[in-house]
Every structure is written in structure tokens, then in C-alpha cells.
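Engineer: Keeping the supplied structure of chain A fixed, place chain B upon it in accordance with the hints.
Okay, here's what each chain looks like letter by letter:
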Amino acid sequence: MYLRMKKADKYRQYVLGDFLCDEYFQDWIHLPDEEKNAFWEQWLQANPGKQQEIGLAREILFNIGFKTSRPDPLNVEASLNRALAAIEECKQRPAGPRGFWVAAKRWKAAAVLIPLLLISSLIFWRLKTPGQYTVNTGYGKISRLVLPDSSVVVLNANSTIKYGKKWDKNAPRELWLNGEAFFDVKHLDNDHNIENYERFIVHTVNTTVEVLGTSFDIRERRGRTEISLQKGAIRVFLSKTGTQPVLMKPGDILLVDSVSVIHRTSNIEHALNASSWKEKKLVLSDPTLSEIFKYLEDTYGKSFILEDPELARKKLNGPILIDSLDDALFVMSTALNISFTNEGDQIRVNFK
Amino acid sequence: MEISWTGIEVGDKDAYSHAYRKLYERFYNYGVKLVEDSALVEDVIQEILMTLWVNREGLRAIKNPDGYYYVLFRRALSKRVAALAKTKTIDGAEFDPEFAADVMMIRQETDQALKEKLAAAIHTLSARQQEALFLRFYEGFSYEETATILGISVKATYKLMARSLLTLRDKVSVPLVYIFFLLKENFH
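First to last, the protein sequences are chains A and B.
Here the first sequence is numbered in our numbering, starting from 7 and rising by one per residue.
Here the second sequence is numbered in our numbering, starting from -4 and rising by one per residue.
Think of the hints as simulated: they come from the structure by calculation, not from any bench.
The C-beta atom is built at its ideal place from N, Cα and C for all residues, glycine as well.
One or more of the hints may lead you astray.
[Stated by the list, open to error] Now the in silico label distances, taken between C-beta atoms and shown as ranges:
{"id": "1", "chain 1": "A", "residue 1": "Arg228", "chain 2": "B", "residue 2": "Gly2", "range": "31 to 41 Å"}
{"id": "2", "chain 1": "B", "residue 1": "Arg123", "chain 2": "A", "residue 2": "Asn53", "range": "47 to 57 Å"}
{"id": "3", "chain 1": "A", "residue 1": "Lys358", "chain 2": "B", "residue 2": "Gly2", "range": "26 to 36 Å"}
{"id": "4", "chain 1": "A", "residue 1": "Lys12", "chain 2": "B", "residue 2": "Tyr63", "range": "29 to 39 Å"}
{"id": "5", "chain 1": "A", "residue 1": "Ala52", "chain 2": "B", "residue 2": "Asp32", "range": "51 to 61 Å"}
{"id": "6", "chain 1": "B", "residue 1": "Asp32", "chain 2": "A", "residue 2": "Ser296", "range": "50 to 60 Å"}
{"id": "7", "chain 1": "B", "residue 1": "Lys74", "chain 2": "A", "residue 2": "Asp155", "range": "49 to 59 Å"}
Extracted from the complex, chain A is given alone in its bound form (with noise of 0.2 Å):
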């Protein structure tokens, strides 16, 4: 109190050049809160003859503005990236600081050969064999790629993606999926020929999808691929029978184990709806919660247990967020009126 008397005796003194030079009179203008407000006006107000200066000194000082410059996200993710991939690779062969920069520096020369664009929060790059690229996501955690010929594949959590490091110009497109993955990928046909090189094949333990330029999802899990068409044309091959391939038309659900198909539709809006998770949206056709809660099993690695076998029957339509585990159940529990107890990698589920 004494300090703030002193200092309103203090600037009874003050003329414009003093205010601006002052740094609580600087701090009010650019980081203003309840207490610098209230002591200035209190000022103000028992010295009205300052008003004048009080309010170009301010004036002022609020113009002093500079341009912002921001990165380009993809620099931004390109770097944290290779800081993580550089910490990564640290732990593996643990050599105090000194094995980190070795690392780190490695790291940077391969980021220059690297002709993928990523984004993800949380990616680990590792070059397991020579003459190819691993991209894994963690629980949680979405991770989008451009490959070499700018098609799009965005990697769902837990997944696993492999490719070439070279695309070879008279080898078809590969890669090996494990997990879930929508892909857009670019179409090279001009002629209707269809040139080698031309073709894009998704490997997955159950299928091999071969695509011409289209868009779509594929989800293996717990031993079931679903794939679903959103735009284009692909061929799904069984990959333990030597049956006649799958064609697949827009809008086309399908889903298979590795030597039958288990089943099939046709929905648009369905097929457009398997790949909300990459806006972080759960969107299922009337699910089941024991179908809610099988996907987020796959996607956070926690599982649940039902406390009653009734609730595996209730249902929940509508999107749900999943931008975090803590707010798809957040949801749920408001919706359906149910409550989770976290105990470490188990949640279990009751009603309320």
C-alpha cells in the first residue's frame, strides 16, 4: 500500500515523456490486468489534470506494433520429428549426450533425403531395413503422409506403415499396412493403359488392394479387414485364396478375414463415414457400445470391462469426438448415463 502511495505521488511529477519511459506505465498498455487497471484509473481520476498526457502516452505506446512471421507447419513438424526420431535413436544405444548429437546429426542429413512431408504429434522414424521407410503411430495419436508421388495416406492410431524408399518408375506403388489408413491417392492413368507403374497396391496380412486414383479406407483389426470405397475403383485380393478378386464400386463396404468375404454393402454415406476418424470423429452405423468400445481398444490400447452384460447392448448414435480418450468418454457418459473408473490400463464400466 505504502509502495503504490509513493508511487502515485511519484507521477503527479510526470509529463508525457516520463509515462512513456515508465515501466508500469508500459506494463499497464501492453500487459494490462485488474490491478494495473484499477490502480491507473484510481490515478486518473485523483489527477484529471494528467489526462491529456496520460492519453497519448498511451496512445503511443499501444501502436508500437510488429509483424508476425510463422513458420510453415510442415518445417515445424519436419523438425520436431527429427528431434524425437534423434531421441529415440538415443535410447536405443544409450551414450550419454555426446551419442545424441551423433544421432541428431544423422538424423538431419537423412531429413534432406527424406521426400515425405509429416505431420503428426508424436511419430518415431526408423530405417529398419535399408530400402525402406516405417512410420509407426502411437495410441492416440494420427499421423498424415505424402508420399513420393503426392498421393495422401493418413495413419490412423496404432498402425503401422511400410513403402520404398525409391519408387521405382516401372514398379507398381507398394505398401504394407498393419492397423488403419485412408488413402487418396493420386491417379497417374491418362490413357486408359494401364502402365505398371501406374498402379498402387495396399499389402495387408488378410487382402492386397489394387487401386486406380481413388479414395478410400482400409481397417485390419483383431484379424478382420474392412475396406471402404469412397471414390474410384480397386480390386481386393483374399491373400490365402486363389479366388477371383474382389471389384470394389463407390460406396462399397467390405469386409473380409483372410480367406472369405465376411460380408458386404453399399452406403455412400457409410463408406464416407468409416474415415471420420481422420477429423477426429467417431462415426459408426447404430453401434452397439461393445462396438465403440472394441474401436477404442484399438485406438488408446485400454480395455474395458463391462460390469453388466447389458451395457454391450446399449446403443449410441450420433458422432462422437475422440480428439482424446478422457472426452469420447466424457460423451458417452453424459449420453448414455454410465460411468468409467480408470485403473491403469483397464477402464471399467458401470451404470450410474
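Structural biologist: What follows is chain B alone, placed relative to chain A:
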């Protein structure tokens, strides 16, 4: 700019990633004002942010990580530019990054006459003065922090800042009647 440092010191990679993005943007915005070559700026940013991870355990001991890493970045950038300049010029003269002349601007849509006067006034400020104003008023650093970043004494910083602000005041010599009018408009 709010940057959260907690969690990094215990090796939380999410916390690190979060701070990484924020600091990257912040250093970039500052760095390209000092050095035109944005690739060089980004290279130095990566170097500093990796240092942050390597020295994460030391964060506990740093009272003001915001200012500390800002200073580290400014110095690393100067060092890199100096090293580059040495390979290019024969005399090896001291080379310090200079704050770009065209990044300062008048922010508010205030009265046109005042705006024009202020805009003309800022062009008379030196690069050093503009950088000091940037650190104090854009980044919100205190005089002490600004002094450390600029590598000069606090006293010199007060002088530098006062000279800049008084230059602005002198160039904005407005008739008293006008001031009175302005105050009625803008001050309640």
C-alpha cells in the same frame, strides 16, 4: 506467449513436443527479423530445441526458462551468422545480425494524422532501437530480460528504450487542441 515448461524436466515427450512447437514459432518470428535466411534460422532453432531436451534436467535450476532460451537462441544465431560471414569476407569483421527495418508497424486504426506521424517516426529508429522495442512491447520481456537478450547493461537498455520512445514523442508533436479532442474520443 504462454509456454508451459513443466513435464519436460522429467522427460515427458508430449510436454516437450508442445513446447517445441510454441518455441519454434516464437523463435522463427524473432529470427527472421534478424536474419533473412529462414533456413538458417530454422536450423538454429532445431539446434536450440534439441539442447532443451539434452539439458532437460537442468530446467529445474533455471528460474526463467523463457528468457534463458531466448538468450541462447539469440546467441546461437549470432554465432552462426558470424561464422558464415567469416567464410565470405576477407577482413573477418564483427558481424551481428541486424533487426530488419520493415517489420515495425503502426498497429491501431487510430486517427489518420497520428498514424502517419508515428509511421514516419519509426523509420528514423535504428535497428537496435527497434529490436529493443520488439523485445519489450511485442514479446513482453522486462527491461532486465531485454538487456540480457541484447547483451547490454540494464542501464544501457533504459537509455536505448528512452531514446526510441522520446523520438516517437518528438515526431508526434500534435497541437494541444488536437490532443484534447483525441482524448475525448479514446478515453473514458
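Engineer: Each hint should be assessed against the structure and marked as holding or not.
Structural biologist: Cross-check of the supplied hints:
no., hint, verdict
1, A:Arg228 x B:Gly2: 31 to 41 Å, "34 Å, holds"
2, B:Arg123 x A:Asn53: 47 to 57 Å, "35 Å, violated"
3, A:Lys358 x B:Gly2: 26 to 36 Å, "33 Å, holds"
4, A:Lys12 x B:Tyr63: 29 to 39 Å, "32 Å, holds"
5, A:Ala52 x B:Asp32: 51 to 61 Å, "53 Å, holds"
6, B:Asp32 x A:Ser296: 50 to 60 Å, "57 Å, holds"
7, B:Lys74 x A:Asp155: 49 to 59 Å, "41 Å, violated"
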